[in-house]
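Q: We have chain A already, so just place chain B on it with the hints.
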Amino acid sequence: MTASIATDATASHGPTYWLAATLFVATFAAIVSEKVHKTKAALFGGAVTIALGVLSQEEAFHSPHFGIDHGVVFLLISMMVLVNVIGRTGIFGWAAIKVAKLGRGRPLPIMLLFCILTAVASALLDNVTTVLLVAPVTLLIADELDVDPIPFLLAEAMASNIGGTATLIGDPPNILIAARAKFAFVDFLVHLAPAVLVMMVAFLGVLQVFFRKRLKVDEHKRQRVLAMDERKMIKDPALAVKSLLVLAATLIGFTLHSVLHLEPATVALTGAAFLLLIARGDPHKVLAEVEWPTIFFFMGLFLVIGGIVKVGIVREISAMVIEATGPTAESMKTTAFSLLWFSAVLSAVVDNIPYVATMNPLVLDMANSVLHQGTADPNNLPLSTLHADVLQPVWWSFALGSCLGGNATAIGASANVVVVGLASRAGRKITFGQFMKFGVPTMLLTLAIAHVYVLLRYY
Amino acid sequence: MLVRDALVRSPFVVSPDTTLFDLIDRILGGNQTTASVVEGSLLVGIVSATDILKKLVPSYLAMDENLASVLHESFFEEELVKLRNVLVRHAMVRQVDTLPPTASVMEAVLMFVRHQRKTVPVVDRGQFLGAVTRRSVLTLVRGSCNS
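Chains as they are written, first to last, in our numbering: chain A, 4 to 462; chain B, 42 to 188.
What the hints contain is simulated information worked out from the structure, not anything from laboratory work.
Residues of chain A placed beyond 10 Å of chain B at every Cβ, according to the derived structure:
| no. | residue |
| --- | --- |
| 1 | GLY56 |
| 2 | VAL102 |
| 3 | VAL244 |
| 4 | ALA291 |
| 5 | PRO296 |
Label pairs and their calculated CB-CB ranges:
| no. | chain 1 | residue 1 | chain 2 | residue 2 | range |
| --- | --- | --- | --- | --- | --- |
| 6 | B | PRO141 | A | ARG217 | 49 to 59 Å |
| 7 | A | VAL352 | B | GLU80 | 40 to 50 Å |
| 8 | A | ASP151 | B | LYS95 | 22 to 32 Å |
For each residue, glycine too, the CB sits at the ideal point set by N, CA and C.
Extracted from the complex, chain A is given alone in its bound form (with noise of 0.2 Å):
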């Protein structure tokens, strides 16, 4: 096992060497240009990777370090089919009138509410989909209230942005991290969530400060969303019901990871089965709507970078790294701050999933070079190192940045993306400055927050 799991050394500037790099540079280009649609590219490279033998089918399909990651991918599609299943209820539309009525139909409050309602669901779903949930219902309230939704869109992405960085499903990078370095859902609840509430409650008062004396409607519109009857949303109330106590017992699920030793993807894809069983109907039209091209995206990408993990390029970048900086268990702290500010610029201009998959590798490798003088093996390595005192920080700089990036530009995450493309089928065009005008400021503010809570607890 020992021999399939060291990375090919004496392949090291062989073709196969080569041939890995070019797959990998000109897969990744073929994504940060848009030219090719992203899961056509990953795939494309993914498949060639294997056919042309850099990696073997078995590795490719069944190693755990070179690999498609299953326990991702199961874990991406159980939650996806759970939040199909519970968004078809009407329950989020039900929240969100609940909670528009909750502020009195007044703008400013409705928007405060409803960053919070998007956060919280951000954390314990996935944010493309409950951006998707929550945006027509503003869309709605906004044509109301006669004011522009615009703000109301950009203030959602951004909190959903915020809330998804707070757990382990919350965020792709996290479940890659998560995946990577061993991490429950409870480690994320303990190192991120408190970060996360510091946030929004500092995004929440910068929005009250900014649109205060900016959102006013009169009367008459307050009172027709105060005459909304939010129980007209929910179309099944029984499914609804039993979808959020399916919900709820997954969540639950998550959180007992260290008595029932179950992994994240078991628990929700348990979750996922139980609820298709129970609710009414043909399984087709929620499996259908599963997001297949994410998915897809996530294979082509795990296999790519396996590539290059295993012909040692990973490992030659990382020695290069850590003899150009010698990482000690004292500059650590450094490495940590670096890694939140290089991973939330970068993650502001590409997709951070890929750049999350090949930093993963990078991170285990310093983690060996620091604390085992690189003789363990990078890709089994023990949980006392993952876990340390000194790589604990790393790990969450890492998340903290990958997730609060995304927040600067249009393109830096998928919500901002589903956002941008919500307010455009409303007739209301977000240019690419206008969000950034928004988000800039935003990602500057949280990854403030962060370095201060990462320095004051970790350091």
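A: The following block gives chain B in isolation, referenced to the frame of chain A:
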């Protein structure tokens, strides 16, 4: 049998600058609900009664149909006002499947049956010649049975 055998040479045609209210009048005054949109002799789109109704539906209702159940009573009337100055060019479908006059009538029938089309514009070398409708095909069917 070819498309040209079922061709209606003076079909229901509107200009892209027709208002939707004028289009509604013409639909109500005739017996067709789908019009070819023609500029000069070029086909630029197709517009139907459904396209007019789509303009009444805000995008968010299309995203979440459940929202229609919480709208206030005067919502529909307010949306009607927004329709007042909308032109056909803003409501028409631009990507139109057309047929040449030499195509088999079966191609038109398939478009009616499988894609729920009511009218298929007939275009030859970029020039709009007319349209095939379900009625014109049925007329052809009846005529061939008689003969």
